[in-house]
Amino acid sequence: MELSSAISLINTPAIRTPEPATWADLGCGQGLFTRALATLLHPGSTIYAVDREPVSFPKSNIRPVQMDFEKNEWKLPTLQGILMANSLHFIKNKQAFLAKAAAHLDKKHHFLIVEYNTDTPNPWVPYPLSFPNLQKLFHEAGYKKTELLREHPSIYHRSRMYAALIR
Numbered sequence: 001m002e003l004s005s006a007i008s009l010i011n012t013p014a015i016r017t018p019e020p021a022t023w024a025d026l027g028c029g030q031g032l033f034t035r036a037l038a039t040l041l042h043p044g045s046t047i048y049a050v051d052r053e054p055v056s057f058p059k060s061n062i063r064p065v066q067m068d069f070e071k072n073e074w075k076l077p078t079l080q081g082i083l084m085a086n087s088l089h090f091i092k093n094k095q096a097f098l099a100k101a102a103a104h105l106d107k108k109h110h111f112l113i114v115e116y117n118t119d120t121p122n123p124w125v126p127y128p129l130s131f132p133n134l135q136k137l138f139h140e141a142g143y144k145k146t147e148l149l150r151e152h153p154s155i156y157h158r159s160r161m162y163a164a165l166i167r
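End of the sequence shown = 167 in my numbering, gap-free, step of one.
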């Protein structure tokens, strides 16, 4: 996927704030969606790019953090948002993960999720989460609104990718 497509997929006015915000991209990989998010947030915002593997970014507002966000304790400031692009499907106990994340989130926070719209596991997507099941997961965790932003064809042709905003 190209950067412009990633920006298009996650673009929503809901994440634009009148002042800088602090976000984390959990499971950032090579940082495609981290860079996309950086173009959409208020100037001066900070994004913690979290991954088990070392990552680096030339932009000063993206701070790399090498950590297993599911298993390790987070050493991050209070966050206004969490981006998870193709990383939530690696977490088996999603309810426990959301409870852990809640301790690090501002009261008016957002989740921005990019996932494959399937519930059929495979070796690369072990714990998939279709959009209807994402809605159910976050509703059970106490969230009021899960909004489908848009969909994008997957290069793997198995299922479409979707972006969702949760608040």
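Bear in mind the hints are in silico, worked out from the structure with no lab data behind them. Wrong hints could be hidden among the right ones.
Derived Cβ-Cβ restraints for the label pairs, each shown as a range [claimed, not checked]:
hint, residue 1, residue 2, range
1, Pro18, Pro121, 22 to 30 Å
2, Leu148, Lys108, 15 to 23 Å
3, Pro126, Glu19, 37 to 45 Å
Glycine included, every Cβ here is placed at the ideal spot set by N, Cα and C.
Consistency of the hints with the structure:
1. Pro18 / Pro121: 22 to 30 Å: Violated: the Cβ-Cβ distance is about 42 Å, outside 22 to 30 Å.
2. Leu148 / Lys108: 15 to 23 Å: This hint holds: roughly 21 Å between Cβ atoms.
3. Pro126 / Glu19: 37 to 45 Å: holds (38 Å)
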